Amino acid sequence: MTLLWIACCLGLAAALPAKDPPEFGDLYHVSGIIYLPYSEIEEPFEAWYNATGKESRIDYYNGQVKTFQHAFELQYGIGYKISPETTETEFNVIKCFQVNGTKTTPIYSQPIFPDTSSFKFVGMDHLKGRKCELWRNVTYGGGRKQTFSLWVTDDGDGVEPLRYEMIGVDTLLDSHFDKYYIDYDNFRKDVDPAHFHKPKGMKCVGFPGPGVEHHLLLNPIAELMHKPAHMHGLFNHFKRQHGRTYMGHENEDRRDAFVHNVRFIHSTNRAQSSFRVGMNHLTDYLRNEVQSILGHKPSPGPNGGLPFPAKLYAGVEPPENLDWRLYGAVTPVKDQAICGSCWSFASTGTLEGALFLKTGKLVKLSQQMLMDCTWGFGNNGCDGGEEWRGYEWIKRHGGICTAESYGSYMGENGFCHYNSSEQVAQIENYVNVTSGDAQALRIALFKHGPTAVSMDAMQRSFTFYENGIYYEPKCKNKAEEMNHAVLAVGYGVLQGKPYWLVKNSWSTYWGNAGYFLISTKDNNCGITSDATFVVLK
Numbered sequence: 001m002t003l004l005w006i007a008c009c010l011g012l013a014a015a016l017p018a019k020d021p022p023e024f025g026d027l028y029h030v031s032g033i034i035y036l037p038y039s040e041i042e043e044p045f046e047a048w049y050n051a052t053g054k055e056s057r058i059d060y061y062n063g064q065v066k067t068f069q070h071a072f073e074l075q076y077g078i079g080y081k082i083s084p085e086t087t088e089t090e091f092n093v094i095k096c097f098q099v100n101g102t103k104t105t106p107i108y109s110q111p112i113f114p115d116t117s118s119f120k121f122v123g124m125d126h127l128k129g130r131k132c133e134l135w136r137n138v139t140y141g142g143g144r145k146q147t148f149s150l151w152v153t154d155d156g157d158g159v160e161p162l163r164y165e166m167i168g169v170d171t172l173l174d175s176h177f178d179k180y181y182i183d184y185d186n187f188r189k190d191v192d193p194a195h196f197h198k199p200k201g202m203k204c205v206g207f208p209g210p211g212v213e214h215h216l217l218l219n220p221i222a223e224l225m226h227k228p229a230h231m232h233g234l235f236n237h238f239k240r241q242h243g244r245t246y247m248g249h250e251n252e253d254r255r256d257a258f259v260h261n262v263r264f265i266h267s268t269n270r271a272q273s274s275f276r277v278g279m280n281h282l283t284d285y286l287r288n289e290v291q292s293i294l295g296h297k298p299s300p301g302p303n304g305g306l307p308f309p310a311k312l313y314a315g316v317e318p319p320e321n322l323d324w325r326l327y328g329a330v331t332p333v334k335d336q337a338i339c340g341s342c343w344s345f346a347s348t349g350t351l352e353g354a355l356f357l358k359t360g361k362l363v364k365l366s367q368q369m370l371m372d373c374t375w376g377f378g379n380n381g382c383d384g385g386e387e388w389r390g391y392e393w394i395k396r397h398g399g400i401c402t403a404e405s406y407g408s409y410m411g412e413n414g415f416c417h418y419n420s421s422e423q424v425a426q427i428e429n430y431v432n433v434t435s436g437d438a439q440a441l442r443i444a445l446f447k448h449g450p451t452a453v454s455m456d457a458m459q460r461s462f463t464f465y466e467n468g469i470y471y472e473p474k475c476k477n478k479a480e481e482m483n484h485a486v487l488a489v490g491y492g493v494l495q496g497k498p499y500w501l502v503k504n505s506w507s508t509y510w511g512n513a514g515y516f517l518i519s520t521k522d523n524n525c526g527i528t529s530d531a532t533f534v535v536l537k
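In my numbering, the protein residues as written are 1 to 537.
A few of these clues could be false.
What the hints assert, rightly or not - Restraint ranges, calculated between C-beta atoms of paired labels, are given here:
(1) E40 / Q495: 46 to 52 Å
(2) S175 / G411: 28 to 34 Å
(3) P298 / K521: 36 to 42 Å
(4) G398 / K95: 32 to 38 Å
(5) Q495 / K103: 43 to 49 Å
Unchecked claim - Each computed PhoX-like pair below joins lysine-lysine, with the alpha-carbon atoms no more than 20 Å apart:
(6) K361 / K447
(7) K95 / K200
(8) K447 / K334
(9) K497 / K521
(10) K537 / K364
(11) K54 / K198
(12) K200 / K145
(13) K476 / K521
Read the hints as simulated data drawn from the structure, not as lab findings.
No experiment lies behind these values; they were computed from the predicted model shown.
Every residue, glycine too, gets a C-beta built ideally from N, C-alpha and C.
Go ahead and model the full structure; you've got the sequences and the hints to work with.
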């Protein structure tokens with residue numbers, strides 16, 4: 001039976017005709033979409049390639065970002081990137097950046113298809129309703145298997161590409177570490193040479209900042225054509241920058257997470273939204289690690305807080321802009337570490353603001369005390385909690401200790417200990433700002449200072465927020481869907497767009513020195529869904 005099976009397999013293998021791998025020529029145009037499932041990206045592109053002329057061009061997001069690879073310029077080529085730039089003085093001004101190639105990192109014309117010389121014909125298939133050939137190349141290394149597949153058609157007028165796919169499997173753990181595919185469309189070989197020329201008269205300047213990332217920004221698709229050297233070099237730079245050392249399999253897992261996150265960051269910025277994302281200290285975090293620092297755990301039903309007194313403030317007109325940092329009511333940004341203690345930072349933040357408004361003195365209060373001592377009120381330390389439960393404990397026990405008197409924040413659960421004589425900020429009551437009412441939150445901020453708010457922070461775009469007004473259509477905004485607690489410290493209008501000014505607890509290495517602006521549109525991410533402030537005795 002075994003011999004018969006082997007014979008059949010050999011017969012099937014022999015039945016496959018000997019074919020030369022597909023070639024797409026030295027001059028072509030093609031468009032399509034890049035799909036990066038692990039990075040949550042679908043990115044349209046359009047490409048022109050001229051191998052003989054040593055030049056190529058790839059546009060992203062319908063031409064918002066244009067990249068040119070001119071291998072014929074200078075000794076080692078020049079790469080150009082043309083995209084909008086917004087600064088404090090300019091808004092969406094088209095700029096040109098360039099990087100000159102070097103002996104070790106030359107600029108080359110970039111094909112949009114893989115090198116097919118090692119691909120083998122594996123049979124006929126159907127894709128997009130068309131009969132096509134399936135070609136495959138399988139590589140092994142470091143306990144990993146990478147399968148590269150290419151679907152093409154040949155209707156007699158030449159080879160046409162349909163899809164290129166890569167699937168990476170860790171053979172030790174039998175798990176996927178990477179997957180992406182590119183769907184092709186509008187392939188043709190008649191190309192206007194003008195497409196390879198950057199706009200006449202446009203002055204190009206060098207990229208700002210360190211140069212480690214420049215080649216990835218100039219030619220992002222190269223990495224998908226199985227040329228990961230620049231990405232791996234960037235990961236090594238990241239580890240040195242943040243003092244991180246990983247061994248064995250953890251290094252591979254961290255690098256995989258880093259690659260997916262950097263792809264997301266670069267693609268999101270090419271899409272030109274109202275905000276920018278960037279690499280930060282979370283760039284090599286696994287998604288479950290990011291989720292572990294989202295510690296707001298909402299519970300159903302009402303709490304013991306008072307309703308917002310809308311009638312009392314009926315005639316109040318808050319100012320157009322407010323920033324409590326300018327008045328000294330906000331303590332420095334802290335880092336909650338890998339601990340779901342965000343609720344304790346939001347709680348102490350609104351208490352610190354209320355105490356400042358009452359006494360004129362800014363005092364740092366202890367998050368660690370709330371983590372250690374409020375378990376009996378339903379909080380769970382590093383495993384999450386709610387701000388109002390902390391308020392209830394403080395009401396019952398006559399105040400909260402300062403950070404200095406209680407001891408340093410540890411980023412871990414600890415033993416509850418305190419001297420009641422050292423407690424400050426006695427709470428009379430706390431108030432629930434009317435859910436979904438933006439004007440009520442503005443009044444609360446204006447009359448009562450920094451206010452604890454919760455939000456949906458699960459989106460990858462928030463993890464890597466850098467600056468601008470954050471707006472994420474994927475965000476949830478119902479109170480029961482909130483997963484992170486932060487501190488609203490103001491609001492304003494920037495270039496005609498209203499925003500909330502919010503303090504996070506992910507260190508000054510995150511966002512804009514630890515802060516972010518978020519759009520007030522559609523109650524984005526639920527900033528007004530579950531806000532509270534305290535009233536002191």
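Numbers of unmet hints, in rising order: Hints 1, 3, 4, 8 and 12 contradicted; others consistent.
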